[in-house]
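Work out the full structure, taking the sequences as your base and the hints as a guide.
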Amino acid sequence: MMRSVERTLAVFESFAPDQTSLTLQEIADSIELPKSTAFRIVGSLEEAGYLVRLEDQRYCLSFRFTRLAGLVRNTLDIRAIARPAMLTLAEQTQETVAIHMAVDGNRVCVDSVATAPSQLRSVMQPGEQIPLLLGSASKTLLAFMPETASSSTLAAIARATQRKSAEIRAQLSEIRDQGYAVSHGERLLGLSAISAPVWDANGEARYCITVNGPSVRIQMHEKAFTKLVKKAAGDISRRFGGPVAS
1 MMRSVERTLA VFESFAPDQT SLTLQEIADS IELPKSTAFR IVGSLEEAGY
51 LVRLEDQRYC LSFRFTRLAG LVRNTLDIRA IARPAMLTLA EQTQETVAIH
101 MAVDGNRVCV DSVATAPSQL RSVMQPGEQI PLLLGSASKT LLAFMPETAS
151 SSTLAAIARA TQRKSAEIRA QLSEIRDQGY AVSHGERLLG LSAISAPVWD
201 ANGEARYCIT VNGPSVRIQM HEKAFTKLVK KAAGDISRRF GGPVAS
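Per UniProt numbering, the very first residue in the sequence shown carries number 1; after that it's consecutive.
Take these hints with a grain of salt, some might be off.
[What the hints assert, rightly or not] Under the rule of at most 20 Å between Cα atoms (straight-line distance), these lysine to any residue pairs were calculated in the SDA-like manner:
| hint | residue 1 | residue 2 |
| --- | --- | --- |
| 1 | Lys230 | Pro243 |
| 2 | Lys230 | Pro84 |
| 3 | Lys35 | Pro17 |
| 4 | Lys223 | Ile175 |
| 5 | Lys230 | Gln92 |
| 6 | Lys35 | Phe12 |
[Said to hold, decoys possible] So the derived label-pair ranges between C-beta atoms look like this:
| hint | residue 1 | residue 2 | range |
| --- | --- | --- | --- |
| 7 | Gly190 | Lys223 | 14 to 22 Å |
| 8 | Glu26 | Glu47 | 15 to 23 Å |
| 9 | Gly49 | Ile130 | 47 to 55 Å |
| 10 | Arg169 | Pro243 | 19 to 27 Å |
| 11 | Leu189 | Ala166 | 22 to 30 Å |
| 12 | Pro17 | Gln129 | 28 to 36 Å |
| 13 | Ser165 | Glu32 | 39 to 47 Å |
| 14 | Pro214 | Ala166 | 29 to 37 Å |
| 15 | Arg7 | Lys227 | 36 to 44 Å |
| 16 | Glu6 | Ala155 | 42 to 50 Å |
| 17 | Gly185 | Gly105 | 16 to 24 Å |
The set of hints was computed from the structure by calculation and includes no laboratory data.
Please read these numbers as outputs of a predicted model, since none were measured by experiment.
No residue lacks a Cβ here, since even glycine has one placed at the ideal position from N, Cα and C.
Now the structure itself:
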């Protein structure tokens, strides 16, 4: 039963904004199954009204998805979606976990959790705003921000930090390539952080998830924490309808 569900979902995931209609062979190739198996799955979905076969024998999603999309709760925001993954990450790392977004040249803490009893820990309050200059969260948000939106902020960072714009852009390009950012003592001496982007259904990374803590602890577990942060970001992205990096 689980395999059948996974195969059905894989057929739906085959479609994309630049691939709104597919041939049976293209669907079979996408889900990595024999054409005969794909034919049975596609036939069942067409009969159920979830796929439409066009005159050129290509398939597309039906309007039933529009009705289902309309049922999504308007109150299902990033906090509700991210909270389970945040709690899990906080338990795994025993450090403070936060979700950030960029607003008018600042990074804003949308939500934060801290489950560790240690008195030596980072404190982030929801609603707290920090200039989008330094730290892993700032760099992650900037790295995945559209260039038209980030250009003025990058110029301000270059002036404030006395660094060349080319150097900053190269660092942001590296963050995009690796899918995460790390900072040690950039914003506050002795504080380290690891951040990864959260993708939404529009393919945009307007949020990031961050683990914050004393450098002495974060540096000791940097490699393991990075994997956990990226996994948490992927889990949230998946629930948020966004793409998930492999």
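A quick look at each hint next to the structure:
With a C-alpha separation of about 13 Å, the suggested pairing of Lys230 with Pro243 holds against the 20 Å cut-off. For the hint linking Lys230 to Pro84, the alpha-carbon distance of about 15 Å falls within 20 Å, and the restraint holds. At roughly 23 Å between alpha-carbon atoms, Lys35 and Pro17 are farther apart than 20 Å, so this suggested pair is violated. Distance check on the hinted pair: Lys223 and Ile175 sit about 15 Å apart at the alpha-carbon level, within 20 Å; holds.
Under the criterion of a C-alpha separation no larger than 20 Å, the hint pairing Lys230 with Gln92 is consistent with the structure, at around 13 Å. For the suggested pair Lys35 and Phe12, the alpha carbons sit about 16 Å apart, so the restraint of at most 20 Å is met. Separation of Gly190 from Lys223 is about 20 Å and conforms to the stated range, judged on CB atoms against 14 to 22 Å. Between Glu26 and Glu47 the Cβ separation comes to about 20 Å, which falls inside the hinted range of 15 to 23 Å.
One distance hint, 47 to 55 Å for the beta-carbon pair Gly49 and Ile130, holds here, with the actual separation near 49 Å. Checked against the given bound of 19 to 27 Å, the beta carbons of Arg169 and Pro243, roughly 23 Å apart, stay inside it. Distance hint check: the CB atoms of Leu189 and Ala166 are about 27 Å apart, consistent with the given range 22 to 30 Å. Distance hint for Pro17 and Gln129: a CB-CB separation of about 33 Å, consistent with the stated range 28 to 36 Å.
Taking 39 to 47 Å as the suggested C-beta distance range, the pair Ser165 and Glu32 conforms, at roughly 43 Å. For Pro214 and Ala166, the Cβ-Cβ distance of about 33 Å falls inside the hinted range of 29 to 37 Å, so the restraint holds. A beta carbon spacing of about 29 Å between Arg7 and Lys227 contradicts the range 36 to 44 Å that was offered as a hint. Taken as a hint, the range 42 to 50 Å holds for the pair Glu6 and Ala155, whose Cβ atoms sit roughly 47 Å apart.
One distance hint, 16 to 24 Å for the beta-carbon pair Gly185 and Gly105, holds here, with the actual separation near 22 Å.
Of the numbered hints stated above, those contradicted by the structure are hints 3 and 15, listed in ascending order.
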